[in-house]
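Given chain A, put chain B with the ligands in place with the hints provided.
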Amino acid sequence: MEAIAHLKNISLSYHSPKGETKALDNVTFDIYDGEFLSIVGPSGCGKSTLLSVISGLSLPSEGTVKIEGNRKSAYMLQKDHLFEWRSVFSNACLGLELQKNLTAENRQKVHELLKKYGLEEFAFKKPSELSGGMRQRAALIRTLASQADILLLDEPFSALDYQTRLTVSDEISKIIKKEKKTAVLVTHDISEAVSLSDRVLVFSKRPASLKAEFKIEFPDNFKNGISAREAPEFREYFNKIWKELDK
Amino acid sequence: MNNNPSKEQIMFIKSLNRTKQAVKITRIAIFLLFFIIWEIAADTGVIDPFIFSRPSSIIVCAIGMLKDGSLLRHVGITLFETCVGFGIGTVMGTLVAVILWWNSFINKVCDPYLVVLNSLPKTALAPIIIVWLGNNMKAIIAVALLTSVIVTIINVLGGFNNADKDDIRLVRSFGGNKKDVLFKVVFPSATPYIIDALKINVGLSFVGVIVGEFLAAKEGLGYLIVYGSQVFTLGYKQI
Ligand SMILES: Nc1ncnc2c1ncn2[C@@H]1O[C@H](COP(=O)(O)OP(=O)(O)OP(=O)(O)O)[C@@H](O)[C@H]1O
Ligand SMILES: [Mg+2]
Numbered sequence: 000m001e002a003i004a005h006l007k008n009i010s011l012s013y014h015s016p017k018g019e020t021k022a023l024d025n026v027t028f029d030i031y032d033g034e035f036l037s038i039v040g041p042s043g044c045g046k047s048t049l050l051s052v053i054s055g056l057s058l059p060s061e062g063t064v065k066i067e068g069n070r071k072s073a074y075m076l077q078k079d080h081l082f083e084w085r086s087v088f089s090n091a092c093l094g095l096e097l098q099k100n101l102t103a104e105n106r107q108k109v110h111e112l113l114k115k116y117g118l119e120e121f122a123f124k125k126p127s128e129l130s131g132g133m134r135q136r137a138a139l140i141r142t143l144a145s146q147a148d149i150l151l152l153d154e155p156f157s158a159l160d161y162q163t164r165l166t167v168s169d170e171i172s173k174i175i176k177k178e179k180k181t182a183v184l185v186t187h188d189i190s191e192a193v194s195l196s197d198r199v200l201v202f203s204k205r206p207a208s209l210k211a212e213f214k215i216e217f218p219d220n221f222k223n224g225i226s227a228r229e230a231p232e233f234r235e236y237f238n239k240i241w242k243e244l245d246k
Numbered sequence: 000m001n002n003n004p005s006k007e008q009i010m011f012i013k014s015l016n017r018t019k020q021a022v023k024i025t026r027i028a029i030f031l032l033f034f035i036i037w038e039i040a041a042d043t044g045v046i047d048p049f050i051f052s053r054p055s056s057i058i059v060c061a062i063g064m065l066k067d068g069s070l071l072r073h074v075g076i077t078l079f080e081t082c083v084g085f086g087i088g089t090v091m092g093t094l095v096a097v098i099l100w101w102n103s104f105i106n107k108v109c110d111p112y113l114v115v116l117n118s119l120p121k122t123a124l125a126p127i128i129i130v131w132l133g134n135n136m137k138a139i140i141a142v143a144l145l146t147s148v149i150v151t152i153i154n155v156l157g158g159f160n161n162a163d164k165d166d167i168r169l170v171r172s173f174g175g176n177k178k179d180v181l182f183k184v185v186f187p188s189a190t191p192y193i194i195d196a197l198k199i200n201v202g203l204s205f206v207g208v209i210v211g212e213f214l215a216a217k218e219g220l221g222y223l224i225v226y227g228s229q230v231f232t233l234g235y236k237q238i
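In order, the protein sequence lines correspond to chains A and B.
The opening residue of the first sequence carries number 0 in numbering that gives the first Met the number 0; numbering runs sequentially from there.
The opening residue of the second sequence carries number 0 in numbering that gives the first Met the number 0; numbering runs sequentially from there.
So that you can see chain A by itself, here it is in the shape it has in the complex:
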């Protein structure tokens, strides 16, 4: 697979009057086209900071980020951040609108996405009229519509209850695969990382440095998503990552 993003020797420190906080320490890895990459690490270690560096919103203190071929990235955050003062459709168009790319053709595409993922009849409703899962789907459509290639997911499921979380994460990862996007998911949940990803990166306590990398592969009859949780390999991966985090 082709690498589309290269992070090389990234370090980052936050500065405030009270002092300096080192959040990232010499992080190096590549992101490959079309993969689903998960990032796990202790809380407060610098995972969100890492995504922010990939997105270009934060500049590293040291090191370089190189994104191949003008690819854009877009965020999906813990809350869906649908704006209550816009309709679902207009929320889904936000990315295009900000990129000054809201053509009639692209509007049509947003409509098709809403239709494809079961939100057509809610297109002109307010976000508050949707269920938690539907809201996350709408947020995903907003991200997809923006024609970003790299989706940065910062604990996008952690606000949902366990039941919804299982189905929504499964659903969203399938949509991302179907649309052939590359995803970088930050999560606290090891089983979520194992069941959804092609690759899991484990980071140390703050300042985050890369501790270990796991390639996740399941036999064909299990595939990624909910069914992966039943594969015998699932436990194995889970335990390995768990031990690595605990070290």
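Hints were generated in silico from the structure; no laboratory data involved.
This one's a predicted model, so the numbers in the text were calculated from it and none came from an experiment.
A hint or two may mislead.
[To be verified] Partial pick of chain A residues on the chain B-facing surface, computed with a CB cut under 10 Å:
| no. | residue |
| --- | --- |
| 1 | Ser72 |
| 2 | Met75 |
| 3 | Leu76 |
| 4 | Lys78 |
| 5 | Glu83 |
| 6 | Arg85 |
| 7 | Glu96 |
| 8 | Gln98 |
For glycine and all other residues, C-beta sits at the position ideal for the given N, C-alpha and C.
Using the frame of chain A, we list chain B with the ligands on its own:
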């Protein structure tokens, strides 16, 4: 809801309606009673009708002023001045809030001045304003503006700063600039605050106008009150 409400439910609804009725009737009764007692007290000489007036003479006076059109004219002028002061106060206050939000340096510099200006009794400045701008409508509107503009700045800026940080990050991550953040996130999410500010402002502008008219006007409700107390026709004032 059940199609066949139980006996208990019917009783409950009935007693609920009865309470509502009783509240309404009592309210009106208090209103009427107040004026009746006032009238009787004036009639029997418990209070001096020359100083405290009486409802019947207020009504007569109001009808007289309605007939010659002077009441409507005074009300109209006060209303006009309030609206203009309120409008300018809101627009200017919001604009200043935008500037302060945009530039955190200016914001920090101005912060203590805002606090001081806000705690100032603005209506106390009315005489100075009238000296500066003259004995005219401009001065009255300026007083109304002064009473409302600082509160507007503070409330609207508070609303702006309350916008969700991650909402802003989202807009930024899609390539939005500061102007996009302002118009797509900060302004819409501050709308409830702006509306609250408007509600407060109408009242403040009205107070400003009345005080201004006390001091400077030849027309308007404030003038009418002052005029009324000078010529001691309390009937005027009570309207
Ligand atoms: N803007 C900032 N200014 C100063 N320090 C910051 C800032 N943002 C984050 N930090 C600090 O940097 C460290 C890493 O933060 P970050 O949000 O990247 O961690 P995280 O792994 O995403 O945490 P969590 O698991 O809680 O989401 C934390 O100690 C945090 O306090
Ligand atoms: Mg985080």
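Now for the hints, and whether the structure bears them out:
no., hint, verdict
1, Ser72, "holds (7 Å)"
2, Met75, "holds (9 Å)"
3, Leu76, "holds (5 Å)"
4, Lys78, "holds (7 Å)"
5, Glu83, "holds (8 Å)"
6, Arg85, "holds (8 Å)"
7, Glu96, "holds (8 Å)"
8, Gln98, "holds (5 Å)"
When held up to the earlier numbered hints, the structure conflicts with none and fits them all.
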